[in-house]
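Student: Listed here are the chains, written in short residue letters.
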Amino acid sequence: MSHSLVSLACHAYGLAALVYFAYLVRQSEVLATTGRVLVGGGLVLHGVALFALLGAQGGLPVGPAQGFSSLAFLLLAIFLALDVRYRRPVIGAFLTPLAVTVLVPGLLMESGPSPLPPAVRQPLLPLHVSLALLGLAAFAVAAGVGVMYLLMERQVRAKRFGLLFSRLPSLEFLDTLNRRLVVWGFIALSVTLATGAFFVSTAPGVGWTWDAKEVATVVAWGVFAALVNARIFAGWRGRRVALLTMAGFGLVLVSFLSSYDLSSATRGMP
Amino acid sequence: MELICIGLSHRSAPLAIRERLALPEPQQLEVLQRLAQAPVEALWVSTCNRVEVYLAAPTARLGRERVHAELRELGGAEALEHLYEHEGEAALVHLFRVASSLDSMVLGEAQILGQLKDSFERGQGAGAVRGEMTRVCAAAFSCAKRVRTETAIGRAATSMASAAVQLASKVFDGLRDKTVLVVGAGEMGELAARHLRQAGAGRLWITNRTLSRAEALAGEVAGVARPFEELLSLVSAADVVVTSTASQVPLFTRDNVGALGKGRKGRPLFMVDLAVPRDIDPEVGSLDWVHAYDVDDIQKFVAENAAARAEEAHKAGGLVAQEVARFAKDRALRDGMPVLARLRQRAEGIARAEVERTLAALGDDLTDKQKKSIEAMGRAIVNKLLHEPTARLRAVGPEGDGNRLAGAAAELFGLTEESGAAVPGTSPAAQAVSGGRR
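In the order they appear, the protein sequences are chains A and B. Counting from 1, one number per residue, gives the positions in the first sequence under our numbering. Counting from 1001, one number per residue, gives the positions in the second sequence under our numbering.
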């Protein structure tokens, strides 16, 4: 049942993406509200499905299908919170397609409750995984906002006063939003790393192996640490920061993807 | 006398060319005096968007050669490539449109009329504007007044200054916590300061070479006057700079603005240059923390937003045509050629009757816009049809051959004294001279 609920939610997100594209072309309050309702409705269905599925597994998403699904859920939850807070529906035109892209592979892969290897059954593990996903979602939104910044900056510099120029929020707004998201993502990532390091040192049979996931995570942490510092102490902002955010997001994404054995997961694909 | 307009504007010439012809006032007067040697009269109109010379001369050719020579001298041969020229009624229509702000960068902005009146006064002071040009200008001012009161174009219009404020909102998320510096307390600076205050600017600083003017403006817009000597340190602390001084050389260069970068720690600076010649060297825009816009950029931005005002402009265009026709009729009478006035009156009467008949036949199916289009078409046909005979009759004058031609026209069109309508007692131009001036 949960699969069909998520599939329904995915359709709602897809529709919302179309509505937000329409909003980009023709700004109207009706479209903004429709998009908001579609995303909100999708999140409710999606949330019920995830709650049922993860509840049965002790609150832990297992396997790439559930990972992708949880990520899409968090990404859109962050978007909806931002939309309610700042009322800039145009961000939806960039984030809903991203969420759908993340969710569709999750839907196509085999899903369902899977057993957890006893070695990693740790009380702190659900916290570690959910913070990792939350951080990733925050960076995804920050990267999306970074793309918007780069687009807008190009319009402002080239003095092209077309559709994007009139629809996108101001450079300052996008830059400030990026800063907030990166700071929150960085805090989540730091706690993820700390709990991860704790497992490595305490759980039997788990060790620091310098695999792709660990290296990418540490490098990403370094990138974001430098970014947050440069913002606070050197006054970095704008294009440089947007580009670095996107690079950092790329690294966290690699870390996320390498957490799963994707070749085995895709066996269930039709 | 033939009216000729020769000039270039934001529509025909890039800023770099317009800058060369933006002369300081004393030099304008010298050129004006050279151009306006009797019987030629001349009006020199110079704003940040246009430089135009209007001549009233016995023949178009005589005037044109003088103007070309002057403009080549000032702006080089390249300037001549960007010129447009209008003669006779077309020149009249152009002037009326300019005065009514239908040819402005920002459609409907009110500044142009004041600038035209200043040009007019300067011309009068220099003896370059006399009888004919006074009548032409008065009719143009009265037309502008009518357009302003009878259409919504002035209300819908935003000035260049408000366009600048809108652009700032694409860089900054509101101006509440921002420091805004207005450089130059002239007319444009004043408009900018008012719009920035309205947009909720946090701190509003005004600087001007003459501090007392900055103080006066600061008092009006709840700003703070700052000494001009501190210009660069003011810029260093500002987020938005709007500049519109009469300086002939750029105040801001890549070097002096670039040197402020270190202290700003990457804090973005939004600069708008409303002056011609420019106050900000184009190179300043290449600094990656500076967003610099000049009048042409603003014009481009405004053009994208112009669609909403198109309807009012259409209506205003109809008013201009009416006013031009009224002036032409008036002048014909003045020229001592009543046959022209009667011919025009007859043609207009026919056009009006036919339009009314057509509209009645079409019933209520038409929208207001369609009705206005049909009315405008009627007037346009009359104007076009009568242009050639009017010009020819006027060219030969009321004496001799002109009398013979006028007689032929009267015979041909059946324009006897009785068939024409009564001659208006007071000419609209005369009324406008007394009531339309500031």
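What the hints contain is simulated information worked out from the structure, not anything from laboratory work. Don't take each hint at face value.
With a straight-line Cα cutoff of 27 angstroms, these simulated DSSO-like cross-link-like pairs (lysine-lysine) come out [unchecked claim]: (1) B:K1384 / B:K1371; (2) B:K1315 / B:K1384; (3) B:K1262 / B:K1145; (4) B:K1117 / B:K1145; (5) A:K159 / B:K1262; (6) A:K159 / B:K1265; (7) B:K1384 / B:K1372; (8) B:K1145 / A:K159; (9) B:K1372 / B:K1315.
Student: Need the status of pair K159 of chain A, K1265 of chain B: alpha-carbon distance at most 27 angstroms?
Tutor: Distance of about 24 angstroms is within 27 angstroms: holds.
Student: Hint check: K1372 of chain B vs K1315 of chain B, CA-CA at most 27 angstroms. Holds or violated?
Tutor: holds (8 angstroms)
Student: Taken at face value, is the distance from the CA of K1145 of chain B to the CA of K1262 of chain B at most 27 angstroms?
Tutor: Distance of about 51 angstroms is beyond 27 angstroms: violated.
Student: Holds or violated: are the alpha carbons of K1384 of chain B and K1372 of chain B at most 27 angstroms from each other?
Tutor: With a Cα-Cα distance of about 18 angstroms, the restraint between K1384 of chain B and K1372 of chain B holds, given a limit of 27 angstroms.
Student: Against the 27 angstroms threshold, does the CA-CA distance of K1117 of chain B and K1145 of chain B hold or violate the hint?
Tutor: holds (12 angstroms)
Student: Between K1384 of chain B and K1371 of chain B, does the CA-CA distance stay at or below 27 angstroms?
Tutor: holds (20 angstroms)
Student: Between K159 of chain A and K1262 of chain B, is the straight-line Cα distance small enough, at 27 angstroms or below?
Tutor: holds (26 angstroms)
Student: Between K1315 of chain B and K1384 of chain B, does the CA-CA distance stay at or below 27 angstroms?
Tutor: Status holds; Cα separation ~19 angstroms.
Student: Just to be careful, I want the Cα atoms of K1145 of chain B and K159 of chain A compared with a cutoff of 27 angstroms; is the pair within it?
Tutor: Distance ~35 angstroms between K1145 of chain B and K159 of chain A Cα, so the pair is violated.
Of the numbered hints listed earlier, those contradicted by the structure are 3 and 8.
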